[in-house]
Each structure stands twice: as C-alpha cells, then as structure tokens.
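When the count follows this note's numbering, it moves up by one through the sequence shown with no breaks and lands on 669 for the last residue.
Please note: incorrect hints may appear among the correct ones.
Calculated pairs, SDA-like style, for lysine to any residue (alpha carbon to alpha carbon, straight line, at most 25 Å) [what the hints assert, rightly or not]:
1) Lys470 - Glu429
2) Lys633 - Asn379
3) Lys499 - Asn408
4) Lys499 - Asp392
5) Lys499 - Thr381
6) Lys506 - Val530
7) Lys499 - Asp434
8) Lys633 - Thr381
9) Lys470 - Lys608
10) Lys499 - Glu559
11) Lys603 - Lys633
12) Lys608 - Pro410
13) Lys506 - Gly532
Derived Cβ-Cβ restraints for the label pairs, each shown as a range [what the hints assert, rightly or not]:
14) Asp560 - Ser476: 45 to 51 Å
15) Glu473 - Glu620: 45 to 51 Å
16) Thr440 - Glu539: 18 to 24 Å
17) Ile416 - Glu473: 18 to 24 Å
18) Gly600 - Asp503: 41 to 47 Å
19) Thr405 - Glu429: 49 to 55 Å
20) Val406 - Lys506: 39 to 45 Å
21) Thr573 - Asp432: 34 to 40 Å
22) Gly600 - Asp397: 22 to 28 Å
23) Gly403 - Asn531: 31 to 37 Å
24) Gly402 - Glu539: 38 to 44 Å
25) Glu429 - Gly402: 51 to 57 Å
26) Glu473 - Gly558: 44 to 50 Å
No wet-lab data here; the hints were simulated from the structure. Ideal placement from N, C-alpha and C gives every residue a C-beta, glycine not left out.
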Amino acid sequence: MVALVLGAFLVVLAALSKFYMYDRLAVAPANNVTTSISQTAPGEDAEYLDVGAEGGPTVVNGPLRSTRIVEGDVELSEQADEEIDGDVVVWRTFTCTDTPDFDCGSGETPLSSTSDVVAFDPKTGETVSWRGTSNETGGSRVRGAFQGLYFKFPFDTQKQDYEFWDGTLRTATTAEYKGETEVNGLDVYEFEQVIEPTRVGTSTVPGDLIGEDRPSVVADRIYSNTRTFLVEPVTGVIIVGGESQDSWLELDGERKLTTTKATLGYTDEYIQETVDEYSGTATLLKAVRTTFPIVGGLVGLLLIVLGVVALARGRREGDHAA
C-alpha cells in the first residue's frame with residue numbers, strides 16, 4: 348500500500364511539474380529591474396558625428412558606452428492584462444549612448460537616447476499591440492508599434508530564425524540561427540541579425556560638412572547594422588549581445604560623411620553576472636520541465652507496479668495459508 352500511494356503521488360507530481368508548475372515559472376516577471384552596459388572594446392575607437400560639439404557638427408573618433416536600464420511596470424502590466432484579456436507584461440527601457448565618462452543620470456543631453464514602453468507576452472517574448480506603448484527618440488514621442496521580439500527570446504528557444512525589433516528601421520527583421528556555442532561554461536544558441544544598408548530618411552546639413560560648396564544640402568541617411576545574440580535557450584535570456592553599426596550621409600549615391608561607425612558589446616563583468624544569475628534558473632526550469640517529470644514518472648510507475656505485485660502476492664499467500 349505504501350508503494351502504491353507513493354507511486355501515485357510521484358506520478359501526479361510529475362504531471363503537475365510539467366503541465367502546471369513549469370507554465371507558472373517560465374514567465375518574465377512584471378517587476379524586472381536590470382541595467383546592462385555595452386561599450387567599444389579596449390583600444391578600439393568608434394567614429395561618430397557629434398552634432399553638439401563646440402564650433403558645430405564634428406566627426407569624432409573615440410570610445411563609446413551605451414547604458415540600458417530596464418524596469419518592469421507592474422501597474423501598467425495589470426492594466427494591459429485587463430484590457431487585452433491575456434498574459435501581458437509591460438517594461439520600460441531607457442538607452443543612453445555617449446562617451447564613457449558621461450553620466451546618463453545627469454540630465455544633460457547625450458549623443459543619443461531612446462525611451463520605450465513595451466508590452467509583450469511573458470512566455471514567448473513577442474511584443475503585443477497595446478495603446479499604452481510608446482517610443483521617444485530625440486524628444487519626439489510616438490505610439491510604440493513594436494513587432495517581433497524586443498527584450499529576450501522565448502522560453503525554450505528553438506534552433507530556428509526569429510524576428511527581432513530594430514528601433515532605427517522601426518520594424519522587426521530576421522535574427523538567423525547560426526549554431527551552438529558556450530559562454531563561460533554555459534551552453535547558448537547564437538543568432539545574427541544583419542541589416543543591409545537602408546535609407547532611413549534625410550538630413551539637412553551644412554554643405555562644407557560633406558565637402559559641398561553650398562550653404563546647406565539635403566543628404567540621405569543610410570543605416571546598416573549587424574547584431575549578435577548569444578541566448579541561453581531554456582530561459583531565452585540574451586547572455587551576450589553586441590552590434591556593429593555603420594551609418595552615413597549619402598549624396599547622389601555617394602558616401603559623404605560617417606555618422607556612426609562603432610562596434611559595441613556587453614562588458615565582461617555584465618556577461619559573468621548574467622551567466623551566474625541564469626545558469627541556476629535554467630537548471631531549475633529544465634528539471635521542472637523534463638528531468639523530474641521523466642524520472643519522477645518512471646519511479647512512480649515502478650512503485651505502483653511493485654505495489655500491485657506485492658498486494659497480489661500477499662493475497663495468494665493468504666489464500667494458501669487459509
């Protein structure tokens with residue numbers, strides 16, 4: 348009887364682990380708070396146009412650092428969840444890019460900054476259309492019509508391509524699956540998002556800035572980028588992220604002036620912190636989703652069989668004794 352009861356308990360627990368507990372653990376939290384730092388590699392300078400430089404817009408060579416602060420908004424998450432009638436999480440994100448000694452909290456204007464309010468599915472990571480989303484760049488705020496993935500990849504990330512948001516193009520483009528690799532002992536999937544040179548608008552600039560003998564000219568803004576994501580597949584968390592952007596001003600099809608040419612990636616300290624934090628989470632989720640359901644279920648079934656056999660044998664021995 349003990350074997351039967353314990354076996355039944357393990358089988359039920361294994362089923363609950365896979366079909367109930369996992370679904371409640373594998374979700375992005377509404378109260379998430381993270382700060383990530385990306386910067387140019389030591390000894391490698393970026394080339395960029397500083398429009399706020401003394402004496403007018405100037406092309407500068409030097410290191411850059413990008414600080415990204417992500418904060419979950421519990422109140423907005425509850426509001427979006429009620430209005431959409433589904434599982435929705437809302438996170439706010441602020442990204443500030445400038446020289447390494449710039450204080451993003453100083454209130455001064457950085458070289459570039461973006462503030463987004465993004466609603467997304469906490470399981471798949473896919474952005475969700477909701478009236479409360481927004482995008483603010485350069486002081487201009489618009490409704491945030493986000494697409495694809497934004498913050499992370501889905502729980503149980505597959506070896507396939509995904510659509511990932513690009514804030515400059517304001518659309519999602521393909522992040523191609525490239526293979527498996529390892530980061531500080533943690534197994535990850537590698538994805539690459541390649542954005543070919545694309546015209547994203549125009550800019551009116553002084554003629555002498557791009558070598559033209561005119562007071563001002565209207566030049567095309569060309570943008571290209573290559574992003575790399577190293578993703579822990581169980582949680583979908585981006586362990587290593589980086590991008591190589593090349594943008595310039597173009598006149599009559601000819602490249603005239605580089606506006607941004609830089610390669611930025613997560614710092615080693617941030618990468619190690621992320622590995623330490625999510626390796627344990629990945630192990631727990633894997634145990635809840637696969638290890639325990641399989642092992643617990645098999646042990647439970649074995650105990651049930653042993654219990655049935657023991658009871659049957661006991662009855663036969665009892666009948667023989669009688």
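Here is how each hint holds up against the structure:
For a cut-off of 25 Å, the pair hint linking Lys470 to Glu429 stands: about 17 Å separates their Cα positions. Restraint check for Lys633 and Asn379: satisfied, since their Cα atoms lie roughly 21 Å apart, inside the 25 Å limit. Distance hint between Lys499 and Asn408 is unfulfilled; the C-alpha atoms sit about 32 Å from each other, more than 25 Å. A distance of roughly 28 Å separates the Cα atoms of Lys499 and Asp392; the hinted pair therefore is violated under the 25 Å criterion.
For the hint pairing Lys499 with Thr381, the CA-to-CA distance comes to about 13 Å; that is within 25 Å, so the pair holds. A threshold of 25 Å between alpha carbons decides the hint, and for Lys506 with Val530 the separation of about 17 Å falls inside it, so the pair holds. Under the criterion of a C-alpha separation no larger than 25 Å, the hint pairing Lys499 with Asp434 is consistent with the structure, at around 16 Å. Under the criterion of a C-alpha separation no larger than 25 Å, the hint pairing Lys633 with Thr381 is consistent with the structure, at around 23 Å.
A hinted pair counts as satisfied when its Cα atoms are at most 25 Å apart, and Lys470 with Lys608 does not qualify at roughly 35 Å. Our distance criterion of 25 Å between C-alpha atoms is broken by Lys499 and Glu559, whose separation comes to about 44 Å. Note on Lys603 and Lys633: the hinted pairing is violated, with a Cα-Cα distance of about 52 Å set against a maximum of 25 Å. For a cut-off of 25 Å, the pair hint linking Lys608 to Pro410 stands: about 11 Å separates their Cα positions.
Restraint check for Lys506 and Gly532: satisfied, since their Cα atoms lie roughly 20 Å apart, inside the 25 Å limit. Distance hint check for Asp560 and Ser476: the Cβ-Cβ separation is about 49 Å, which falls inside the suggested range of 45 to 51 Å. Our hint of 45 to 51 Å for Glu473 and Glu620 is violated, since their Cβ atoms are close to 26 Å apart. The hint said 18 to 24 Å for the Cβ distance between Thr440 and Glu539, and at roughly 22 Å that hint holds.
Evaluation of the 18 to 24 Å hint for Ile416 and Glu473 yields a pass: the beta carbon distance comes to about 22 Å. Range check, Gly600 to Asp503: Cβ separation about 46 Å, and the 41 to 47 Å hint holds. For Thr405 and Glu429, the Cβ-Cβ distance of about 50 Å falls inside the hinted range of 49 to 55 Å, so the restraint holds. A hinted range of 39 to 45 Å for the beta carbons of Val406 and Lys506 is consistent with their spacing of about 42 Å.
Here the CB-CB span from Thr573 to Asp432 is close to 39 Å, well matched to the stated 34 to 40 Å. In this structure the supplied range 22 to 28 Å holds for Gly600 paired with Asp397, their Cβ-Cβ distance being about 26 Å. As the Cβ distance of Gly403 to Asn531 is approximately 45 Å, the hint placing it in 31 to 37 Å is violated. Between Gly402 and Glu539 the CB atoms are about 39 Å apart, so this pair conforms to the stated range of 38 to 44 Å.
Distance hint check: the CB atoms of Glu429 and Gly402 are about 54 Å apart, consistent with the given range 51 to 57 Å. For the hinted restraint 44 to 50 Å between Glu473 and Gly558, the CB-CB distance of approximately 45 Å keeps it satisfied.
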